[in-house]
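First to last, the protein sequences are chains A, B and C.
Counted the way the working numbering counts, the first sequence spans residues 1 to 329.
Counted the way the working numbering counts, the second sequence spans residues 1 to 487.
Counted the way the working numbering counts, the third sequence spans residues 1 to 150.
Mixed in with the good hints, there may be bad ones.
[Stated by the list, open to error] To be clear about the criterion: a stretch of chain A counts as covered by chain B if any three or more of its residues have a C-beta under 8 Å from a C-beta of chain B, and this derived list gives those stretches:
| no. | segment |
| --- | --- |
| 1 | 126-133 |
| 2 | 186-200 |
[What the hints assert, rightly or not] Within a straight-line C-alpha distance of at most 25 Å, the following computed PhoX-like cross-link-like pairs (lysine-lysine) qualify:
| no. | chain 1 | residue 1 | chain 2 | residue 2 |
| --- | --- | --- | --- | --- |
| 3 | A | 27 | B | 425 |
| 4 | B | 143 | B | 89 |
| 5 | A | 5 | B | 425 |
| 6 | A | 251 | B | 135 |
| 7 | C | 89 | A | 5 |
| 8 | A | 47 | B | 425 |
| 9 | C | 145 | B | 404 |
| 10 | B | 425 | A | 3 |
| 11 | A | 85 | C | 145 |
| 12 | B | 143 | A | 27 |
| 13 | A | 5 | A | 85 |
Calculated directly from the structure, the hints in this document are not laboratory data.
All C-beta atoms, glycine included, are put in the ideal place defined by N, C-alpha and C.
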Amino acid sequence: MTKPKLALYWAASCGGCEVAVLDVEEKILDIAAHFDLVFWPCAMDFKYKDVEERPDGDIDLCLFNGAIRTTENAAMARLLRRKSKVLVAFGSCAADGCIPGLANLTTNEEIFRCVYESSPSTMEGGAWPQRRVSVPEGELEIPEFLPEVRTLRQTVPVDYVIPGCPPQAHQIVAVMTLVMEGKPLPATGAVLGAGEKTCCDECTRQRSEKRIKHFYRPWEVEAKPEECLLDQGIVCLGPATRSGCGALCVKANMPCRGCYGPPPNVADQGARMVSALASVIDSQDPAEIQWILDMIPDPTGTFYRFSVPSSMLHSRRMEGEEQHAEDHH
Amino acid sequence: MRKITIDPITRLEGHGKITIFLQEDGSLGNCYFQVPELRGFERFCVGRPVEELIRITPRICGVCPEAHHMASAKACDAVYQVDPPRAAKKLRELLYTAFFVGDHTLHFYALGGPDFVMGPDAAPAERNILGVIRKMGLDAGRKVIELRKRAQRTVALIGGKAIHPVTALPGGMAKPLTVAERDEIVNHTDYFVEFAKFTLGVLDAVVLKNPAYMDLIRSDTYTHRFYSMGTVDAQNRVNFYDGMVRVVDPEGQEYVKFAPQDYLEVLSERTEPWTYLKFPFLKKVGWKGFVDGKNSGIYRATPLSRLNAADGMATPLAQAEYERMYATLGGKPVHHTLAMHWARVIEIVYAAERAAELARDEEILSTHIRTSPTAAPREGVGCVEAPRGTLYHHYITDERGIVKAVNLIVGTTNNHASICMSIRKAAEGLIARGSEISDAVLNRIEMAFRAYDPCLACATHAAAGQAALEVRILDSEGHLIAARRRA
Amino acid sequence: MEGFEPRLVGFLCNWCAYSGADLAGVSRLKSAPNLRIVRSMCSGRVDAELILRAFQFGADGVLVAGCHPGDCHYQEGNYKTLRRVLLLKRVLRDFGVDERRLRLEWISAGEAEKFARISQEFTEEVRSLGPLPRTSFGAGLQAAKEELAV
Chain A
1 MTKPKLALYW AASCGGCEVA VLDVEEKILD IAAHFDLVFW PCAMDFKYKD
51 VEERPDGDID LCLFNGAIRT TENAAMARLL RRKSKVLVAF GSCAADGCIP
101 GLANLTTNEE IFRCVYESSP STMEGGAWPQ RRVSVPEGEL EIPEFLPEVR
151 TLRQTVPVDY VIPGCPPQAH QIVAVMTLVM EGKPLPATGA VLGAGEKTCC
201 DECTRQRSEK RIKHFYRPWE VEAKPEECLL DQGIVCLGPA TRSGCGALCV
251 KANMPCRGCY GPPPNVADQG ARMVSALASV IDSQDPAEIQ WILDMIPDPT
301 GTFYRFSVPS SMLHSRRMEG EEQHAEDHH
Chain B
1 MRKITIDPIT RLEGHGKITI FLQEDGSLGN CYFQVPELRG FERFCVGRPV
51 EELIRITPRI CGVCPEAHHM ASAKACDAVY QVDPPRAAKK LRELLYTAFF
101 VGDHTLHFYA LGGPDFVMGP DAAPAERNIL GVIRKMGLDA GRKVIELRKR
151 AQRTVALIGG KAIHPVTALP GGMAKPLTVA ERDEIVNHTD YFVEFAKFTL
201 GVLDAVVLKN PAYMDLIRSD TYTHRFYSMG TVDAQNRVNF YDGMVRVVDP
251 EGQEYVKFAP QDYLEVLSER TEPWTYLKFP FLKKVGWKGF VDGKNSGIYR
301 ATPLSRLNAA DGMATPLAQA EYERMYATLG GKPVHHTLAM HWARVIEIVY
351 AAERAAELAR DEEILSTHIR TSPTAAPREG VGCVEAPRGT LYHHYITDER
401 GIVKAVNLIV GTTNNHASIC MSIRKAAEGL IARGSEISDA VLNRIEMAFR
451 AYDPCLACAT HAAAGQAALE VRILDSEGHL IAARRRA
Chain C
1 MEGFEPRLVG FLCNWCAYSG ADLAGVSRLK SAPNLRIVRS MCSGRVDAEL
51 ILRAFQFGAD GVLVAGCHPG DCHYQEGNYK TLRRVLLLKR VLRDFGVDER
101 RLRLEWISAG EAEKFARISQ EFTEEVRSLG PLPRTSFGAG LQAAKEELAV
């Protein structure tokens with residue numbers, strides 16, 4: 001009997017999701033025994049042409065991590081969608097855009113200028129990388145940037161999402177066990193390997209009624225280990241983040257930054273945090289409110305740390321520029 | 001010319017491709033190593049509070065997030081002009097050495113190792129960690145898994161999470177160790193040391209006692225003579241967490257020793273239009289093109305380079321192995337690219353021993369692990385040895401500590417020029433006129449970069465994109481005379 | 001911008017602002033037709049996601065109107081609205097959206113004229129800003145779906 005085929009691929013990724021898969025420890029041996037691993041550039045020598053040569057739908061399960069930043073990322077998303085029965089957006093980059101998604105708060109133009117002109121260590125007058133370059137021997141190509149970073153779901157139809165930066169090993173084990181035991185999976189579109197509440201649900205700190213008059217940056221105070229961080233005026237994204245990680249950061253005395261993405265039934269993680277904080281700030285005076293809010297140094301980059309592309313606004317708008325096609329919704 | 005593309009390159013971290021051009025007669029025309037990925041950290045970190053970079057920059061790389069976490073923490077210490085308590089630095093270094101053990105182990109067994117254990121000409125389906133486990137036996141496989149489990153666990157106990165740790169702050173660490181946690185870590189570090197010895201045994205049995213492999217290592221095809229860079233402590237011994245950066249020339253003489261904050265006086269980076277990755281080089285020696293030797297500013301920062309740049313190792317077992325390697329390979333410095341695999345194992349030994357030392361230091365239990373920043377933030381450089389090379393984080397902030405500019409020179413980036421040359425030289429040596437370009441030949445070309453343990457997500461933290469048409473006029477020394485760009 | 005009719009959404013609270021708008025209608029005061037009105041029980045119900053959803057679905061400007069401070073039917077709802085809108089404006093700015101596209105007003109049940117005037121002013125202000133710039137996200141996914149359906 002042939003083994004089901006498994007593929008793992010990384011787009012605009014840091015490799016952390018690959019390492020997370022290895023962090024399942026001994027379970028990796030069971031996974032390797034159960035599946036035929038047909039594509040995994042990090043660990044195996046199969047090349048793109050090996051995937052292209054497969055019949056459509058040949059791969060039973062593809063775990064796709066990484067955001068869609070370049071034309072190559074988008075092409076691989078389409079290729080693997082075509083060749084896979086089940087395509088999973090694995091990890092925060094594929095699910096919500098994650099850290100690479102912060103590029104959507106700036107522009108490609110600003111990025112190039114930063115790296116190739118204003119970087120203090122870079123020689124002046126250097127060439128910017130180009131899509132096609134003629135060298136004496138022939139032509140070389142590298143992929144192009146898309147106008148903005150996208151999630152996998154914004155690029156191809158996706159069957160399931162496993163959130164987290166990275167997904168925690170025990171959650172990966174839970175999902176893979178389900179698959180290997182042939183248990184029925186939830187309806188398409190479901191989030192797997194995570195909880196149905198917010199991170200606060202997994203946090204063991206003492207909570208009291210929140211009346212916040214002052215916000216502190218993490219280095220400004222020594223957080224008390226037993227009390228809710230938000231109660232102490234330290235911005236923590238627990239209320240706007242899906243449960244499932246075990247509240248690891250908070251247990252380590254650092255605030256949650258939202259890597260498991262928005263909670264169930266929340267489409268915009270940052271907006272949820274805006275509403276949550278607005279509810280607990282203890283002031284009714286506009287000037288005082290503004291003064292308190294100014295103590296949060298970077299609301300957008302903090303509330304949308306992992307979810308700019310999947311947010312409702314997706315990416316920076318350029319007031320005064322020409323209209324693009326309509327937003328997708 | 002006929003074109004063969006290895007796409008993607010595999011058994012490394014990140015994206016890359018190798019394009020080989022062949023002449024009519026089948027001999028090599030040229031060979032290009034291209035990095036097709038990038039994301040833009042240097043730009044999108046602007047506007048963020050500087051302390052948040054300690055948790056954002058690890059996403060440059062999920063294989064070595066600890067390196068970025070530490071370099072970033074040190075840069076933030078410098079930005080706020082704050083010196084963490086000694087106990088905090090020990091905690092950071094303990095996390096860091098545990099990470100090094102795990103990361104180098106991953107490379108040896110899963111990424112670079114399969115070429116040696118299975119053989120460079122083994123079938124693609126065999127040349128991977130699963131093949132290695134099949135060949136070495138399940139017991140050995142379980143040892144590797146156990147090592148990684150313990151290394152990740154140690155990082156998580158100190159850092160909160162193993163992948164993308166969170167506890168470093170400007171001025172120290174967010175939480176101290178409990179006695180139970182410390183005891184657990186001591187147990188893990190003992191395992192690290194035993195495992196390091198086991199790995200030395202594997203290296204010996206599989207590689208060092210195999211004459212064919214030793215010939216491969218010593219061959220000219222995989223040898224270049226470059227400057228070597230590494231961080232050293234006050235006694236010029238290898239240190240991963242802190243010290244001065246030392247560069248020795250191809251003959252092993254000290255060329256420069258500098259404090260990380262002065263890196264701009266020593267290093268410069270150039271660009272090429274066919275890759276997103278930049279090419280650092282030694283500024284005062286100058287860029288002479290893709291050539292090696294004392295007159296070329298190209299340098300390497302790899303485990304082998306660190307050992308070349310240092311006078312020794314700070315722990316006994318590692319020192320003994322250091323001496324053995326140089327004795328075997330004909331003295332210092334060693335320029336055989338494939339010897340990086342050996343140097344890497346020596347670093348596993350050092351990291352294990354150092355972790356064991358730190359875990360047993362009573363100060364590791366201290367609860368005095370934060371110094372409060374009081375000075376106005378400005379600018380700072382933080383530097384550590386990432387497993388793949390010297391890592392520099394340079395931040396400039398406004399008076400509130402909001403980032404205005406970021407410059408990064410990341411581990412593998414240091415080695416970009418040398419990786420290109422290693423790949424090209426391997427292609428030259430292996431592609432003979434009229435012979436078939438088999439999968440085995442292509443794999444042996446890939447082996448030329450695998451020794452470096454490249455981390456291309458790291459290397460291409462920064463971004464570029466659609467570009468203008470550019471005409472550059474260079475003089476015979478490669479200096480830019482004029483440039484014209486059409487938007 | 002010539003020929004541009006702003007599409008505006010107005011979230012009006014039941015007890016004050018909506019009643020004021022209703023009064024404006026009954027009084028035959030001229031209100032801008034550009035403002036599509038959505039009635040909620042309290043301006044405090046209008047959470048940040050709802051406002052962004054309006055922008056995402058095609059609004060060029062969003063008005064949130066509630067009771068004057070101190071007069072909220074539910075005591076504190078409008079203070080939450082105030083805090084929320086102040087924070088959300090910051091987010092809009094970071095996303096490159098002119099913060100004038102989000103407007104918060106206190107309009108009581110009797111302030112028909114105020115409602116009519118604000119609807120006109122807001123329309124003209126957004127007209128001068130032009131349509132909300134859109135992104136190209138939609139096109140890629142549609143193309144991929146078409147390609148894969150083949």
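Notebook entry, point to check: Is the hinted pair residue 5 of chain A and residue 85 of chain A satisfied, with a Cα-Cα distance of at most 25 Å?
Noted result: 10 Å, holds
Note to self: Holds or violated: residue 251 of chain A and residue 135 of chain B, Cα atoms, limit 25 Å.
What the structure shows: 41 Å, violated
Next item on the list: Measure nothing beyond the straight line between the CA atoms of residue 5 of chain A and residue 425 of chain B; if it is 25 Å or shorter, mark the hint as holding.
Entry: Violated, at roughly 37 Å.
Checklist line | 25 Å Cα cutoff - pair residue 85 of chain A, residue 145 of chain C | finding: It holds: about 15 Å lies between the C-alpha atoms, which stays within 25 Å.
Margin query: So if I understand the rule, the pair passes when the alpha-carbon distance is 25 Å or less; does residue 145 of chain C with residue 404 of chain B pass?
Written below: Distance ~41 Å between residue 145 of chain C and residue 404 of chain B Cα, so the pair is violated.
Notebook entry, point to check: Has the given pair, residue 89 of chain C with residue 5 of chain A, been kept, meaning a C-alpha gap of at most 25 Å?
Noted result: Given that 25 Å is the threshold and the Cα spacing comes to 49 Å, the pair is violated.
Note to self: With the threshold set at 25 Å, check whether the alpha-carbon distance from residue 27 of chain A to residue 425 of chain B stays at or below it.
What the structure shows: Not OK: residue 27 of chain A and residue 425 of chain B at ~40 Å, beyond 25 Å, violated.
Next item on the list: Mind taking a look at whether chain B covers the segment 186-200 of chain A? Criterion is 3 or more residues with CB to CB distance under 8 Å.
Entry: Violated - the segment 186-200 of chain A has 0 residues with a Cβ nearer than 8 Å to chain B, which falls short of three.
Notebook entry, point to check: Are the Cα atoms of residue 143 of chain B and residue 89 of chain B separated by 25 Å or less?
Noted result: This hinted pair is violated, its Cα atoms lying about 30 Å apart.
Next item on the list: Could you grab the alpha-carbon distance between residue 425 of chain B and residue 3 of chain A and see if it respects the 25 Å cut-off?
Entry: Violated - the C-alpha atoms of residue 3 of chain A and residue 425 of chain B are around 41 Å apart, more than 25 Å.
Next item on the list: Given the hint that residue 47 of chain A pairs with residue 425 of chain B, test it: the Cα-Cα distance must not exceed 25 Å.
Entry: 23 Å, holds
Notebook entry, point to check: Is the hinted pair residue 143 of chain B and residue 27 of chain A satisfied, with a Cα-Cα distance of at most 25 Å?
Noted result: 14 Å, holds
Against the hints set out earlier in the document, violations occur for numbers 2, 3, 4, 5, 6, 7, 9, 10.
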